[in-house]
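A.B. asks: Okay, here's what each chain looks like letter by letter:
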Amino acid sequence: MIRSYWMAGVLCASCYGLAWAQVGEPAGMVKHVRGTVSIERAGQKLPAAVGAPVLVADKLRTSDDSAVGVTLKDHTLLSAGPNSLMTIDKFSFDSTTHDGNVSVGVRKGTVSVATGKIAKKTPESVDFHTPTTILGTRGTEFVIEVADGKED
Amino acid sequence: MRWLVPLGCVLLAACASERVVLLPATDGPLGAVLINPGKGEQRLDQPYAASVRRLGDNRLTQMSAAEVQERYGPTLKAQPKRSQSYIVYFREGSDELTPESLATFDRVKAEIKQREAPEIAVIGHTDRVGSDPANDALSKQRAATVRDALVAAGLDSRLIEVAGRGEREPLVPTADEVAEPKNRRVEISVR
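Sequence lines, in order, name chains A and B.
Just so we're aligned, residue 1 is where the first sequence starts under the numbering used here, counting upward by one.
Just so we're aligned, residue 1 is where the second sequence starts under the numbering used here, counting upward by one.
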């Protein structure tokens, strides 16, 4: 079991090699928690509390009857409903120029999005992705549902 | 024979379905979502337009507000409060708020109190009277005044980002050395 986690970690590191430089940088903050929500960071599972920072490479996981709301630094609003897994794959933001990039993954469950200042300035630097599909946005609000998603 | 299809779904996970729904814009114009499943891009640009993926195919469909609420109510309810921006104005050449702005400042404090984990960005600006370095310093001083007032009102200073942009971003464009009250301001955004 431990070995398979290791493998997943190695695969992930190569998948998101580009984001590696941003890993651990602050991306946003937990603004709302209902039920049981955890943040998975560098192999650790932390309980998500209101006011907790969200960092690049964090995974947010919700249980049955649980939900979490996160505001990113560029004012992007995210929420994940019950039994969801959302990953903050990339995030950088210059609050003076509003340049930056956002990449958020929905592995399973439902995630709602209201895009922020980066999407307004350079929509092409914002993406959301599911296990099969990449979504681009043109300054907007939407919901993504992944019915039978991935567990990690 | 009917049970064969659902059984196939379970065995092959072939029914792994995904769905994306565009919502009406709460503020600003309705945008669009571009969906790229690897072959053929789809575009959602009407409220409640949806793309549903089933058996490896993405199809466009139309949902209703009621369906979206029923399916995604708990998710949407968890969305954080939208950010809110305020502008307070200053007396010429000073870091003293105008009397009207004191009232705005009370609204800012009330908004912050309503939020569970507020974060605040405070950005100072000046008009074009004076040199660039002097205005950079003044804009920072104005932002610092606002930050100090927020801290005095009980806010954790670590949750407040402060910046000064001098005369670079006037709200009302003017020639150099023109006094313009609307440019002597601090923008406070609460998220």
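These are computed hints drawn from the structure, not numbers from a lab.
Small disclaimer: the values here were computed from a predicted structure and weren't measured.
The beta carbon of each residue, even a glycine, is placed where N, CA and C say it ideally should be.
Wrong hints could be hidden among the right ones.
[Stated by the list, open to error] Heads up, simulated DSBU-like pairs for lysine-lysine below, C-alpha to C-alpha not over 30 Å straight-line:
hint	chain 1	residue 1	chain 2	residue 2
1	B	LYS77	A	LYS59
2	A	LYS121	B	LYS39
3	B	LYS113	A	LYS120
4	A	LYS120	B	LYS77
5	A	LYS150	B	LYS182
6	A	LYS120	B	LYS140
7	A	LYS45	B	LYS182
8	B	LYS77	A	LYS150
9	A	LYS59	B	LYS182
10	A	LYS121	B	LYS140
11	B	LYS81	A	LYS150
12	A	LYS150	B	LYS109
13	B	LYS39	B	LYS77
14	B	LYS39	A	LYS150
15	A	LYS59	B	LYS81
16	B	LYS81	A	LYS45
17	B	LYS81	A	LYS120
18	A	LYS120	B	LYS39
19	B	LYS182	A	LYS120
20	B	LYS140	A	LYS150
21	A	LYS121	B	LYS182
[What the hints assert, rightly or not] To give an idea of the chain A side of the interface with chain B (calculated C-beta under 8 Å), a few residues:
hint	residue
22	HIS32
23	ARG41
24	PRO47
25	GLY51
26	PRO53
27	LYS59
28	SER63
29	ALA67
30	VAL70
31	GLY81
32	THR96
33	ILE134
34	GLY136
35	ARG138
36	THR140
37	GLU145
[As the list claims (entries may be wrong)] Label pairs and their in silico Cβ distance ranges:
hint	chain 1	residue 1	chain 2	residue 2	range
38	A	ASP99	B	ALA110	28 to 38 Å
39	B	SER131	A	ASP152	48 to 58 Å
40	B	ALA137	A	ASP94	21 to 31 Å
A.B. asks: Name the hints, by number, that the structure is in violation of.
C.D. replies: The structure breaks hints 5, 7, 9, 12, 13, 20, 23, 24, 26, 27, 28; every other hint is satisfied.
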